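Novice: First to last, the sequence lines map onto chains Y and D.
So the first sequence is numbered by this note's numbering: it starts at 1 and just counts up by one.
So the second sequence is numbered by this note's numbering: it starts at 250 and just counts up by one.
For the record, the hints were derived by calculation from the structure and aren't laboratory data.
All values derive from a computational prediction rather than experimental measurement.
A few of these clues could be false.
Straight-line C-alpha distance at most 30 Å; calculated DSS-like pairs for lysine-lysine [said to hold, decoys possible]:
id, chain 1, residue 1, chain 2, residue 2
1, D, Lys279, Y, Lys235
2, D, Lys579, Y, Lys216
3, Y, Lys216, D, Lys556
A partial selection of chain Y residues facing chain D, derived with a Cβ cut-off under 8 Å [what the hints assert, rightly or not]:
id, residue
4, Cys14
5, Leu28
6, Asp30
7, Leu32
8, Lys149
9, Leu152
10, Tyr162
11, Pro163
12, Gly172
13, Val174
14, Tyr177
15, Ser211
16, Asn214
17, Gly217
18, Ser218
19, Val221
Backbone N, C-alpha and C define an ideal beta-carbon position, used for all residues, glycine too.
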Amino acid sequence: MARPKVAFFDFSCCEGCQLQIANFGEPLLDILKLIEVVEFREVMSEKYAGTLDVAIIEGSINTTHAIERIKGIRDRSKVLIAMGSCATIGGVNGIKNAFPLNDIAEYVYGGDSEYFESIQTMSVHQVVKVDYFVHGCPIYPPEFVAVLKAVLMAVPYDVPDYPVCVECKLNGNVCMYDRGVTCLGPVTRAGCNAWCIGNGNICYGCRGMVSNPNEKGSIDVIRRYGLSMEHIINKLEMYNKCRELNPHG
Amino acid sequence: MAYAVLQKGRFDDFIVALAAQRKVMAPVSKGYGHFEFEEVRSATEIALRYIPTILPPKKYFMPQRETILQYTSDSIEAVVDFDPMAIFGVHTCDLAGIQCLNMVFSERPKDYNYLVRKNNIIIIGLECGDYCDQYASCAMMNSEMPNGGYDLFVTEFDEYLLFHVSTQTGEDIVKSTGLFETADASHKSRLAEYRKKKKSIFKKELPIDSKDIALLFDKCFESKVWDELNDRCLACGNCNNVCPTCYCFDVIDEPALDLTSGVRYRRWDSCQLETFARVAGGANFRENRGARQRHRYYRKFSYPVKKFFRYFCTGCGRCSRACMANIRLKDVLMDLIKAHPLDNA
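Take these sequences, add in the hints, and give me the full structure.
Specialist: Shown next, in the form of structure tokens:
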């Protein structure tokens, strides 16, 4: 049986998630036994214009040109995977949406801003149908493999809809709040095995929020720990600003 | 041989000798007032005075993730992985927790993964002379005193550790290490004194008789107390994951990259999570966080009483310590007691 044709495409992003895959090491050899990579700008020069079995999209959508391009890719792809925070939730590019578009264009392009079109940042699923999500900034390699296996077996992949605290606690970590540090683990969906906290950092919320966060309860917790609401909102908006465009995303 | 004495100067020799026989797990300080059971090789790593660890010793009996089957395209094989070990320093609340799990996993069909692991774990208990903190309710749950469930049980005195030898395995350890002295009447009377003092320290923490808690739960299913918890609970599952008696697990098949072989594993699940009671089609039997908290409390104070004739709360206080939303077990029980007075009270 022919290996499914897979292509990687990048939109607005740092391409770090593609690097994660290029950096896989030995497991990449096993993965390449299963798929035929026909386009992957980060590691190869070839392009592919035909029908794709799987398109893997990195980056968020923030120009009309990008909207047209992603629609074109969707039209010729049987399965589409959004990979990395920029693609799955808008990611850091979404911070742009916190400001008037003209101000942002002015800030970046100065006097030439009139020559550059600027639209609000959107995640991929806010523009076209996404079949699978690999969240994270960057993606957590074991989860990418799990999603790829699900795609190849044509079964759903359920992104955990519970907070990072679950995986963090199972790893026996001391809670960041007990160390006097603010962490977004309690409202951020799991699936990364509490990667950052396990390495001594806090959770920045890069995987997006759980589907049903307890907003009232969270406000109580923020008060109880003597944190300012503005501080928490700033932290949340680093990755989650695009959530406002589509609260069901 | 019922009791044996280990001079404190020989404690390190004892741990080193034990670690030469098998892995030794013991409470270790993690900073910020937290402790965790981890592998140790010497006594200097062990925190003899500790409050209940982040995760209970349950993790050695039913690991957070455990492979139970492996398969290829034409074979399926059950897997029972275990590591012989000794757990040193298990408090009485956690001994009670292990006793609860033993009942659950010994029910038919027996859970061989749990039971094989249990049979390869030596348990050395450690007595608490005082409360660990304000969250404990071990006196109310009758778990502040040793009540079996160990091979050896240690009570600490200024200059020595007194070991109660409860099983043949425990006796073998005492003999094989050659570090112990026989206890005499003076040691035993000091223990009696210690226990007497303990009785004056540990007092029923709430104004309810232990036996009446189940009666309270017979009448508080519709309580407003649960509605209040709905507003506060973040559904993070911390209370489940740190509980010494929660035993729910999920079973997942994980194919290897060849997509034809793979493993089936189980991992801890948690009734507080949004997805726990969500079923195909998207319906959720316990969508309300308050209903999920109620379920957790009933799984501690009501349902197991009907099934196993004992409470599945050991009073260790972990759920209260781990809750960011400040949901404290003693406060919830107190609210229930106030809102639903028992007729005979």
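Novice: Hint by hint, note whether the structure agrees.
Specialist: Results of checking the hints against the structure:
1. Restraint check for Lys279 of chain D and Lys235 of chain Y: satisfied, since their Cα atoms lie roughly 27 Å apart, inside the 30 Å limit.
2. Between Lys579 of chain D and Lys216 of chain Y, the direct Cα distance comes to roughly 23 Å. Compliance with the 30 Å bound is thereby established for this hinted pair.
3. Pair hint Lys216 of chain Y plus Lys556 of chain D does not hold up; C-alpha atoms about 36 Å apart against a cutoff of 30 Å.
4. Hint status for Cys14 of chain Y relative to chain D: violated, with the closest Cβ pair at about 27 Å, above 8 Å.
5. Among the interface hints, the one on Leu28 of chain Y is violated; its C-beta lies about 10 Å from the nearest C-beta in chain D, farther than the 8 Å criterion.
6. With a least beta-carbon distance of about 4 Å to chain D, the hint placing Asp30 of chain Y at the interface is held under the 8 Å criterion.
7. Hint on Leu32 of chain Y is violated. Least Cβ distance to chain D is approximately 10 Å, over the 8 Å limit.
8. This hint holds: Lys149 of chain Y has a C-beta 6 Å from the nearest C-beta of chain D, less than the 8 Å allowed.
9. The interface hint given for Leu152 of chain Y holds, since its Cβ lies 6 Å from the closest Cβ of chain D, which is under the 8 Å cut-off.
10. The beta carbon of Tyr162 of chain Y is positioned within 8 Å of a beta carbon in chain D (closest approach about 4 Å), and the interface hint is therefore held.
11. Restraint check, Pro163 of chain Y versus chain D: the minimum CB separation of about 5 Å is within 8 Å; hint holds.
12. A distance limit of 8 Å between C-beta atoms decides the matter here; for Gly172 of chain Y the minimum to chain D is near 5 Å, and the interface restraint holds.
13. At its closest, the beta carbon of Val174 of chain Y sits 5 Å from a beta carbon of chain D; the interface hint therefore holds under the 8 Å criterion.
14. For Tyr177 of chain Y, the shortest C-beta to C-beta distance to chain D is roughly 6 Å, which falls under 8 Å, so the interface hint holds.
15. The criterion of a C-beta within 8 Å of any C-beta in chain D is met by Ser211 of chain Y, whose closest approach is roughly 7 Å, and the hint holds.
16. Interface hint status for Asn214 of chain Y: upheld, as the beta-carbon distance to the closest one in chain D is roughly 5 Å, under 8 Å.
17. Taking 8 Å as the C-beta cut-off, the interface hint given for Gly217 of chain Y holds, the closest approach to chain D being about 5 Å.
18. For Ser218 of chain Y, the interface hint holds, the least distance from its beta-carbon to any beta-carbon of chain D being 7 Å, beneath 8 Å.
19. Nearest Cβ of chain D to the Cβ of Val221 of chain Y: about 5 Å, under the 8 Å cut. The hint holds.
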